[in-house]
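J.: Sequences listed follow chains A and B, in order. Using my numbering, the letters of the first sequence correspond one by one to residues 1 to 118. Using my numbering, the letters of the second sequence correspond one by one to residues 1 to 111.
Treat the hints as calculated values from the structure; they're not laboratory data. Take the hints with a grain of salt, since some may be wrong.
Covered stretches of chain A, going by a simulated chain B footprint (3 or more residues, C-beta under 8 Å) [said to hold, decoys possible]: (1) 66-76; (2) 105-113.
The list that follows gives simulated cross-link-like pairs (lysine-lysine, DSS-like), each with its CA atoms no further than 30 Å apart [unchecked claim]: (3) A:11 to A:78; (4) B:56 to B:70; (5) A:71 to A:11; (6) A:78 to B:42; (7) B:42 to A:15; (8) B:2 to A:62; (9) B:110 to B:56; (10) B:67 to B:56; (11) A:78 to B:2; (12) A:62 to A:15; (13) A:16 to A:62; (14) B:2 to B:56; (15) A:62 to A:78; (16) B:42 to B:2; (17) A:78 to A:15; (18) B:70 to A:11; (19) B:42 to B:110; (20) B:110 to A:16; (21) A:62 to B:67; (22) A:78 to A:16; (23) A:71 to B:42.
For clarity, every value in this text was computed on a predicted model and none was experimentally measured. Note that CB positions come from ideal geometry on N, CA and C, so glycine has one too.
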Amino acid sequence: EAGVVQSPRYKIIEKKQPVAFWCNPISGHNTLYWYLQNLGQGPELLIRYENEEAVDDSQLPKDRFSAERLKGVDSTLKIQPAELGDSAVYLCASSLEGTSGPPANEQFFGPGTRLTVL
Amino acid sequence: QKEVEQDPGPLSVPEGAIVSLNCTYSNSAFQYFMWYRQYSRKGPELLMYTYSSGNKEDGRFTAQVDKSSKYISLFIRDSQPSDSATYLCAMSESAGNMLTFGGGTRLMVKP
Numbered sequence: 001e002a003g004v005v006q007s008p009r010y011k012i013i014e015k016k017q018p019v020a021f022w023c024n025p026i027s028g029h030n031t032l033y034w035y036l037q038n039l040g041q042g043p044e045l046l047i048r049y050e051n052e053e054a055v056d057d058s059q060l061p062k063d064r065f066s067a068e069r070l071k072g073v074d075s076t077l078k079i080q081p082a083e084l085g086d087s088a089v090y091l092c093a094s095s096l097e098g099t100s101g102p103p104a105n106e107q108f109f110g111p112g113t114r115l116t117v118l
Numbered sequence: 001q002k003e004v005e006q007d008p009g010p011l012s013v014p015e016g017a018i019v020s021l022n023c024t025y026s027n028s029a030f031q032y033f034m035w036y037r038q039y040s041r042k043g044p045e046l047l048m049y050t051y052s053s054g055n056k057e058d059g060r061f062t063a064q065v066d067k068s069s070k071y072i073s074l075f076i077r078d079s080q081p082s083d084s085a086t087y088l089c090a091m092s093e094s095a096g097n098m099l100t101f102g103g104g105t106r107l108m109v110k111p
């Protein structure tokens, strides 16, 4: 079974430029998560989708960040414009469901996209 | 102060040693406790989860939760070089709630 796929794996941009990250979750997983992980820190949730609906986006900086999950499968996370402080690893995860207990809500993580903003 | 605290390490042990990794937390509403392993340049992978207090064993790994002390532990027996990774604890108040992660402890097991 294929895992969570993310692209690109690495991205280097200059500040004020836009950037987009793509995630393809595990087939059949209804819940999709975007996390931000700074160096030496644990992941922090940015947004969670149940199918196409964003059900938890309280941590998403909406002035510059946006996300979408069309048709309840793939998802894209965008930053516009990027700032120096956005340099981090952006992780995507998916689970069968988000509201049930284990193991249905076990999150499977992709390898992440490492963003460097110069 | 962060909700979940973890010693960042690095923790260096010889192969075969017993490893103890720990997290403390401040939110008494946390009910689900998880340990993730993260290799360099990879995403975290779930090792173990525990609901409420108690112990859980899976092979060389044992997870312990002490809710009265707000303290959780992961023990690794007969540690191997392949166990070298960053170990993250994570917690949530209910099954559907967001996970709060610790900062991770970097473990190095030397042959």
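J.: Would you mind marking each hint as holding or not holding in the structure?
T.: Verification of the supplied hints:
Figure legend: the segment 66-76 of chain A, annotated as covered by chain B; annotation inconsistent (0 residues with Cβ-Cβ distances under 8 Å, at least 3 required). Under the rule that three or more residues need a Cβ within less than 8 Å of chain B, the assignment of the segment 105-113 of chain A holds, with 8 such residues. Proximity of residue 11 (chain A) to residue 78 (chain A) is assessed by CA-CA distance (about 13 Å); at most 30 Å being required, the pair is judged to hold. Distance restraint check for residue 56 (chain B) and residue 70 (chain B): the Cα-Cα separation of roughly 17 Å lies within the 30 Å cut-off, and the hinted pair is therefore satisfied.
Using a Cα cut-off of 30 Å, the hinted pair residue 71 (chain A) and residue 11 (chain A) holds, with the two alpha carbons roughly 26 Å apart. With a C-alpha separation of about 21 Å, the suggested pair residue 78 (chain A) and residue 42 (chain B) falls inside the 30 Å cut-off, and the hint holds. Pair hint residue 42 (chain B) plus residue 15 (chain A) holds up; C-alpha atoms about 26 Å apart against a cutoff of 30 Å. A distance of roughly 23 Å separates the Cα atoms of residue 2 (chain B) and residue 62 (chain A); the hinted pair therefore holds under the 30 Å criterion.
As the CA atoms of residue 110 (chain B) and residue 56 (chain B) are separated by approximately 26 Å, the hinted pair is consistent with the 30 Å bound. A hinted pair counts as satisfied when its Cα atoms are at most 30 Å apart, and residue 67 (chain B) with residue 56 (chain B) qualifies at roughly 14 Å. Restraint check for residue 78 (chain A) and residue 2 (chain B): the C-alpha separation of about 28 Å stays at or below 30 Å, so the hint holds. Pair hint residue 62 (chain A) plus residue 15 (chain A) holds up; C-alpha atoms about 18 Å apart against a cutoff of 30 Å.
Among the hinted pairs, residue 16 (chain A) with residue 62 (chain A) is consistent with the structure: their alpha-carbon atoms are about 16 Å apart, no more than 30 Å. Between residue 2 (chain B) and residue 56 (chain B) the CA atoms are separated by roughly 26 Å; this keeps the pair inside 30 Å, and the hint holds. At most 30 Å may separate the alpha-carbon atoms for a hinted pair to count; residue 62 (chain A) and residue 78 (chain A) meet this at roughly 10 Å. Between residue 42 (chain B) and residue 2 (chain B), the direct Cα distance comes to roughly 24 Å. Compliance with the 30 Å bound is thereby established for this hinted pair.
Note on residue 78 (chain A) and residue 15 (chain A): the hinted pairing holds, with a Cα-Cα distance of about 14 Å set against a maximum of 30 Å. For a cut-off of 30 Å, the pair hint linking residue 70 (chain B) to residue 11 (chain A) is broken: about 39 Å separates their Cα positions. For the suggested pair residue 42 (chain B) and residue 110 (chain B), the alpha carbons sit about 21 Å apart, so the restraint of at most 30 Å is met. As the CA atoms of residue 110 (chain B) and residue 16 (chain A) are separated by approximately 44 Å, the hinted pair breaks the 30 Å bound.
Restraint check: the Cα-Cα separation between residue 62 (chain A) and residue 67 (chain B) comes to about 36 Å, which exceeds 30 Å; the hinted pair is violated. The straight-line distance between the Cα atoms of residue 78 (chain A) and residue 16 (chain A) is roughly 13 Å, inside the 30 Å bound, and the hint therefore holds. Distance hint between residue 71 (chain A) and residue 42 (chain B) is fulfilled; the C-alpha atoms sit about 27 Å from each other, no more than 30 Å.
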